[in-house]
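Chain by chain, the residues run as shown.
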Amino acid sequence: MKYLGIDIVKPRLAVFDFTGCEGCELQLVNKEETLVDFLSLFEVVNFREASSDKSDAYDIALIEGCISRQDEVERLKAIRGRVKILVALGSCACCGGVNHLKNGFPIEDVVRQVYGDRKIETEKVRSLKEVVQVDLEIPGCPVSKAEVERIVIALVTGAEIRMPKYPVCVECRQQLNTCLFDFGEICLGPITLAGCGAVCPSGKVGCRGCRGPADDANYESFIDVVVDKGFTEAEIRKKIEFFNAFEGPAKDTIASLIQKRIKTFNAFSGVRA
Amino acid sequence: MKVNMNIDVHHVTRVEGHGNIRIEVQDGRLVEAKWEVVETPRFFEAILKGMPHDNAPTLTSRICGICSIGHTLASLRAVERAMDVEVPATAQKLRLLAKHGETLQSHFLHLLFLVAPDFLNVGSVIPLVDSHPDLVAKAARLKGMANSMCDLIAGRTTHPVSLVVGGVSKAPDKRQLAELKKTMEDRMRDAADVLELFKTLALPDFERETEFVSLKGDKTYPWIGGDLVSSDGVIKPEDQYLAMSNEYQVNFSTSKFTKLSRDSFAVGALARLNNNYDLLHGKAKEVAETLGLEPMNYNPYMNNIAQLVECFHALAESLDLIDEMLDGGMNDLRRRYEVQAGVGIGAVEVPRGILYHHYNIDEKGMITHANCIIPTTQNNANIHYDLAELVKQEVKKGSDDQEVRKLCEMLVRAYDPCISCSVH
Ligand code: SF4
Ligand code: SF4
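Line by line, the protein sequences give chains A and B.
In terms of this note's numbering, the numbers along the first sequence are unbroken and rise by one, the last being 356.
In terms of this note's numbering, the numbers along the second sequence are unbroken and rise by one, the last being 1611.
Hint data in this document are derived by calculation from the structure and do not stem from the laboratory.
One or more hints might be untrue.
Straight-line distance between alpha carbons at most 25 Å, and here's what the computed DSS-like set of lysine-lysine pairs gives [what the hints assert, rightly or not]:
(1) K1446(B) - K202(A)
(2) K321(A) - K212(A)
(3) K114(A) - K1369(B)
(4) K312(A) - K1357(B)
(5) K248(A) - K334(A)
(6) K93(A) - K114(A)
(7) K1189(B) - K1583(B)
(8) K114(A) - K1446(B)
(9) K1357(B) - K321(A)
(10) K1236(B) - K207(A)
So here's chain B without its partners, still in its complex pose:
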């Protein structure tokens, strides 16, 4: 057993935003294991007040550079539900396709640029350019494909342009969609190679039983809207998101914490997959099986594996969506709507988990109240309690400070936290 330990990671690297890990062990006893978010708040909820409703998606996309499409979609959904705007089917498909582009972009970036260096024992992807040129080329191609999906459908990857209230302002033509399909099919080989690589990686051995919260799939794996579900058996309609999130504050973090049935819960790829495993696309389910991922899985490092499985799901579902659009008409893209007062809630599964936007809108279409709850906020408490358990386990094993530090950083990274987003 290791008796004393003092770990202070000031700003975990290769994550989005500023967060610290503080660990102290004395005489073999855990004194402190803290996940501190020190990011500067931006107060989006306050600046949304008085904003015209159709500016909200553009503004809130700036909450996050990585999941700006997800924020736009949650914001649109909140506005559209507040005003009873019905979105045409083609626009819904295009939005989902853009969403898949974002998930792929974010997951591949995370897995191949941010996580892979840990397994290859380097500080970043940059030295891999020389040592593993093949892998870097594949990573770049996969991420490039995902970005081109977003660019084609949403006009841009970061801060989308053509996702607007009522539908989409612009759609690609069928020739462009067919080209995209071809590119995606070509990239399947790269994805298969990445899968082979991940099969060889040994993830840290650690489990902590927890509650998993996600959207609940009905017939398909859930992405945009629907009921909320927890692995402890809580089910709520989307509008009752507050009963599902229960935000609270802790004095060492500018980002809030949340809980439901226990001290903490997890959202994200592993939560979605644990709650909706049967709804995975056939190909993705096979991938999950070969990687040894089955529900319920309580190893937080497996979130990385769940992300990889979701990449296969998103690829397969995107190809289906493209086929449907190539077969059908694509003219009905945007609905006119009457501005009216209302309250709207939009829940969307973004790469890191469930995202809620809630607006009250007055009869002039101006926002009078806004609330946004971000996935990383919901994961904070879970990360915090995981750290404590992990350190206890490693202390028992006698691991040294260096090893524990790396495991802790990898743990935080496995959640793919989006910290500036959580302090919006």
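Chain A extracted, bound-state conformation:
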């Protein structure tokens, strides 16, 4: 490929899947209007779901799925050893995704329920960064193709990669949606990282936070709203645990705020009673 008379070496791209539904991989062949241009940006050397061609030499690896078996740990480490830029693609890869719900049960019970007495190898679900160093995370369940394109183009051209800092509410408001709290639904839009185009609230379904916490989320006012609307701690917990995308400081903040808020709420109703 030549551009302005200069030879440009196309980066070699590999796509790998671990434990997941392959929905994020499938997104890569979506957005058909720009698909051919997108594919021409790099040399695809490994993409089992779409191609029989294989190579061990690649520069960028997009990795879907979480890690739930020892052979996956080894395969992931081998990929890490070969690649310059390792990108976690989707909620499973970034934080374990829905598969992470398995970790809430004893492994033996889970195996027995599905396979009876047969021995099946499986481990607690881990995200990629719990196993190897990850250079970039693209969240979502599934990832948004538009966002993947934007990020991969930036990677290839060396441009700065920009992720939004604001929450889903901003995108939801831009689409002039009626807020789901007004319909009596719970929505994680106020605390979740934007970039999906508010696809769930636009379909009149509350955001489930698959993209994880927004940088400038206002947890206090979110908890105020949720508690005022009468949702219980258990309901909020079930919501934020669904994709495991709030694991870490965000989850602790939310938990302690709920505790505090529910206490003051109770104290107040006690005085009035």
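Since chain A is already given, all that's left is putting chain B with the ligands on it; use the hints.
Chain B with the ligands in isolation, oriented as in the chain A frame:
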């Protein structure tokens, strides 16, 4: 005759998920022909326990990136049947339209991106971008049309948003539906060109008589719910799906196998078509005739042709559905319901065959037990036994390892297996 053969395909490519083919022939005798699924299990049935019933469709859509709409619909049907929720007619039509979008998306993806490279002797669709730009453009347009159907009706192609317990949370307006209709009509030319291409392809010559299981159409070709039927004459109501599937385990596969009247049976486009040929839309039946597909057809490679016929059926039926909605009102979209305890089973024809979801739900609306049986699970045994027969046939013919390897891979691919889905 070829006397020795050793084929080891570690992870068949251009299929969804991880599966291997192992073939060994010694002194002209078949020693082993194995279809091994090595995918990592995810244990969805276990994690559904204790989940609020209305989360089940959202969770189980993540069983599969390709047929997430089908999983959502089977899950909704199981929940709604457990709680006696009646779904308004418009919502049912919209759900079927979303389902057709998924079938079209999945079938076109399979036929044009995953199967076509075999016939054009390349490893993937990528080199075709240069060698067959026209075909790739058509493939992209057709798949794009299917995706826009899903996006418009369900909010998203992968992991739908607006399909909810009781109906749908959001419907397109009539102007958007009319636009969709226009796009679909415009794409008919592309579909016709794809048909011309498929008429010229010579499918491998191979047959193995087997049993075909599908939903049974009553007045229309079956997609969502109804009785279960097999070509060997077994008929069961939806609730008795276990008698139809009979899962069992084999030690070389993390995905289970199934059987009914014989060692194996097949589900999917060819099974649906073999069992419900007379219910095909007129246009689709014509297409089937021009492609030489008539029931009973026992060539597994013909599943690809059946998928193409179904594309024409889904297109025609979608246009009818859109017309009905453009003519009628579209306000009644979602029913309120009382949470109650119950057991519900939902059977849905997804692109790769019949999919079952079964939930027990307690009086608080929480799931206490779940079972999901996936089409590829039901096809595993059939793929496995087909491989053995195919290899025997090719050994007799004296085909070399390379040829046999390709035929075996194409055979697996013809079933369009969805392996991660089968190890959910
Ligand atoms: S993040 Fe979601 S879409 Fe992507 S692989 Fe995981 S479950 Fe599938
Ligand atoms: S629906 Fe959700 S994302 Fe939209 S404004 Fe309301 S809280 Fe924010």
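Going through the hints against the structure:
At roughly 23 Å between alpha-carbon atoms, K1446(B) and K202(A) fall within 25 Å of each other, so this suggested pair holds. This hinted pair checks out: K321(A) and K212(A) have alpha carbons roughly 24 Å apart, not beyond 25 Å. Between K114(A) and K1369(B), the direct Cα distance comes to roughly 19 Å. Compliance with the 25 Å bound is thereby established for this hinted pair. Proximity of K312(A) to K1357(B) is assessed by CA-CA distance (about 23 Å); at most 25 Å being required, the pair is judged to hold.
For the proposed pair K248(A) and K334(A), the alpha carbon gap of about 18 Å is at most 25 Å, so the pair holds. Distance restraint check for K93(A) and K114(A): the Cα-Cα separation of roughly 21 Å lies within the 25 Å cut-off, and the hinted pair is therefore satisfied. For the given pair, K1189(B) sits about 7 Å from K1583(B) by alpha-carbon distance, which is consistent with the 25 Å threshold. Between K114(A) and K1446(B), the direct Cα distance comes to roughly 39 Å. Violation of the 25 Å bound is thereby established for this hinted pair.
Note on K1357(B) and K321(A): the hinted pairing holds, with a Cα-Cα distance of about 24 Å set against a maximum of 25 Å. For the hint linking K1236(B) to K207(A), the alpha-carbon distance of about 17 Å falls within 25 Å, and the restraint holds.
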